[in-house]
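On the provided structure of chain A, position chains B and C as indicated by the hints.
Quick mapping for you: the protein sequence lines, in order, are chains A, B and C. Sequential numbering of the first sequence, starting at 44, is according to the numbering used here. Sequential numbering of the second sequence, starting at 876, is according to the numbering used here. Sequential numbering of the third sequence, starting at 10, is according to the numbering used here.
In case anyone wonders, no lab produced these hints; they're calculated from the structure. If you're wondering where the values come from, they're calculated on a predicted model, not measured in any experiment. Any given hint could turn out to be false.
Claimed, not checked - Mimicking EDC-like on lysine to aspartate or glutamate, the simulated pairs with C-alpha atoms at most 20 Å apart in a straight line are:
1. C:LYS80 with B:ASP922
2. C:LYS385 with B:GLU978
3. A:LYS362 with C:GLU425
4. C:LYS430 with A:ASP367
5. C:LYS385 with B:ASP962
6. C:LYS430 with A:ASP415
7. C:LYS385 with B:ASP946
8. C:LYS385 with A:ASP251
9. C:LYS385 with B:ASP922
10. A:LYS362 with A:ASP428
11. C:LYS385 with B:ASP979
12. B:LYS880 with A:ASP251
13. C:LYS342 with A:ASP415
14. C:LYS430 with A:GLU463
15. C:LYS158 with C:ASP241
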Amino acid sequence: MRNSKTEYMIPEKAPELQQGPEWLKKQRRQQRETFNSLPLPQRGLQLWRYTDPARFVFERISDDIAVNGRFEAAKTVEQKHLRNGRLTGLITDVAGREITAHGFEEITAGGGQVSSLATAVETHFALVEPYLYSLVNAQTGKFEAMNGALWHDGIFLYIPDNLAIEKPIHLLRQAGGPGSAAFPRLLVVAGKNAEVTLIDEYGGGPADDTNGAAYSNAAVEIMAQDDSRVRYISLQRQTAGTRFYLTHRARIGRGAQMLTVPLAFGGALSKQNFGVILDGPGADSRMYGLLFGSRHQHFDNHTLHHHAAGQTYSNINFKVVLRDRALSAYTGLIRIDRAAPGCEAYQENRNLLLNDGTRAETIPELEILNEDVSCSHGATLGPIDPLLTFYLGSRGIPGPEAVRMIVGGFVADTLKLVPEDIRERISGFVDERLEAL
Amino acid sequence: MSEFKRVASTGEIPLDEMRDFEVGPYRIVIAHTDDGFFAVADECSHDAAPISDGEIDGCDVVCMRHGARFDLKTGAVKAPPAIVPIDAYELKVDGDNILVRIED
Amino acid sequence: MADAVNKQKQDLSSLNEDYASRYGFRDPVDYFHKGAKGINHEVVEMISRMKKEPRWMTEVRHQALDVFLSKPTPRWGNTELLGEIDYDDIYYFMKPIENQQASWDDVPEYIKKTFDRLGIPEAEQKFLGGVSAQYESEVVYHSMQEDLKKQGIIFLDMDSGLREHPDIVRKFFGTVIPATDNKYAALNTSVWSGGSFIYVPPGVEVRAPLQAYFRINAENMGQFERTLIIADKGSRVHYIEGCTAPVYSTDSLHSAVVELIALEGAYIRYTTIQNWSRNIYNLVTKRSTAHKNATVEWVDGNLGSRLTMKYPCIQLVGEGARGEILSVALAGKDQHQDAGAKVIHAAPNTSSRITSKSISKDNGRATYRGLAKVHKNAANCRISVECDALLIGEQARSDTYPTMEIDNDRVRVEHEARVSKVAEEQLFYLRSRGLSEDEARLLIVNGFMEPFTKELPLEYAVELNRLIALEMEGSVG
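Next up, chain A with everything else stripped away, as it sits in the complex:
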């Protein structure tokens, strides 16, 4: 018999259910109903094969969202970047509750919108209502319904047609305190031929879970309209006292290009689901992901590339490095619809296991319903080539440093695929993580 808390119902009196205009309240109620009526996904099957869904069920014990020193330090760094003109804007998000925006004159001057989602649902109905919940909602799953009902405040970004924003926007999100639950939510609408780059950073959290873990259940929806160019870097580097759940969906329109860089570095338990729908001819998606796991970290990642229109292109390259007792599970599905001829889809997943005791599972899946396709995938799993360590050792490079060099080399060709203007920042995040590997 199971001991775990598998029964949790969203109470009728949850304060978030009363937030927002009537249309939003109605949505929240529906999401709550779905959450309460759906059973927990069965453990050990399909997307939950390697992660016990019960570990994401929790009761909110505390509303502790005290801003901690690390968050302040990170904020200071980014504010400096903003002042030095390296960022278009900075948004800070404390535990999905307090949203503050800094900068963004370029966007607002150009007719765009940057605001808290709670504000935008009132002030920008026409831009928000058609898109909010369109990609991540109760139909997606039980945990998505939870975010849909309980998100407190989120972030809304609108880049109007033809506006090209060169410098990145940085979203700095902090997890809550022990026993807390945060429901970050992001909605991005990039208009026709618009251009924008986002760095979405999830950080913070308690040092460990002795007083209870800090949960985050996040949802991201991105509409990349025709011919737009969107670049989205997802940096997850929460502390060892957190459990992180994310569902990310992007719709890529005709001729639009999306670059997604998922960097999974933190959290004790992290389940992230990135999906793109290629919805018009010429839609193009590139996804370059990196995952570093150490100690007892448990990562569970999914990607979905759904080619709903012909003449579309997708390429996913996902690299995993594990040490100590870390675990990485990866399921990636490429689906080519019957009505989608002339597509190209490629997937590669390479796993580097640095010692005995690591566990890696990979399930790259294909569902191809149109013969006019060029599709392939590959996966490899294995340790560092012992010859390589020997060679570096003979050159006087000590063990740990050699490992870092080799791992750096392993991820180097992924980094090369990232456009030059953001490569340095991303390499910076990677180096920081490698130091702690």
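Just chains B and C, lined up with the frame of chain A:
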């Protein structure tokens, strides 16, 4: 050598039943048999099903998914389709407390 | 759940007295001649009595039936087709005497056409069409048996194997695939009939491939065959199941179980060409255990049936064991070949290779489902998986669902899959050489299948090529 950690109280687990627990990053199951309490990993080596959803038969546990059978004392395989044992952990009872030691 | 298991325990404890006393007075031959559809403990008891089996096997059958009844239909795979199976509307052993022989008129046209094109002699046609009860090749069968006996090799149908070598059977039966494994293994364990029993003594090499084709009759062919092959230390055997010619059967549910055990240093190769008629649901469990330094090879061809679900598996449990699985699937009109391969490494210094090739045409669907699992104790192992899928036509579909679970860092695991249509450039080149579009396509398809065809004994390879030609012409199904 790691420490013994208190995981449960003897009263929590009726005879011929088992309960699952999280001990740090580990998922374990403690079973109450005629021969006492035993702790094993809560994951079947055959197809990752939760052992705690299965059935106790004497001092064996039978996995509910495909019928694999393990010896609760040692984790050894007693019947297919499992072919590899599951981890068994040192357990001691101190008064009302059940303590388990997991080697990292 | 606990209640169901307790009840099961109670039922089983009174099993022996219960069924034996209840049905002791019945004559099984009579029972079946009147026709018994559906499955229950009565049918199972009668089957066992009909075969005059030792009591322990009867109990195994009864227990397996309870498992079958308690398991739901799988919620994965082609659930639509699986949901169509009506378990109560099937004859699980013999058909009533009136139904036993089909008429030649009932055999579908596409099957008759294939027979003609493959040049199958008339007597054989009648057998394959289910019209004649026995294939007239007793002579071949008996001379083969003489040779085998001299070497101490046992090659019998499973019923005879149980009767003449109960100790060997009891030792190995169900040790690789228990009844609890899945619903269809449970079904097979309760109503199995026919199949092959092979035991090869230590150090013996069986010179020619063993084939069941020549000695089976309609009664034993197909539905619920149970095969058990044991290759003792250092021995070698190659077994061939099925044939390329289509086999017509009105029994719509086929569920075979094949268990292979390769003891230390032994070698077993198991070749299957499955070409059941297009009305059949073929749900098979095939698994092998390779001990220290042993090798198991599955060569698995899936051409027929409406739906086949089959994932030959090799469990490498001894150091130095090796495995290879070569799987080919051709999914034509209305067909779903849901095939694959599983390799489980549970010992160090083991290696395996999986090659899967599939062709989908018309509205056929070919699915690859695979597992490459490395347990904690399996250091220094190598696994290579390659899946190639060819799509022909707008309606075709291909799926690939490979799972890799790696719990040891000292491994080299590589997986690659490709899906494409027949390459325009290749077609263009061949046509510029004077071939028609059909001829060019056929050549490309044959080239695609070549890694599989070259592993078959010659007469099979020749027949397979003819069959592919027929399929590509569109003159079948």
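Query raised in the report: Against the structure shown, which of the earlier numbered hints fail to hold, in ascending order?
Result: Violated hints: 4, 8 and 14; rest satisfied.
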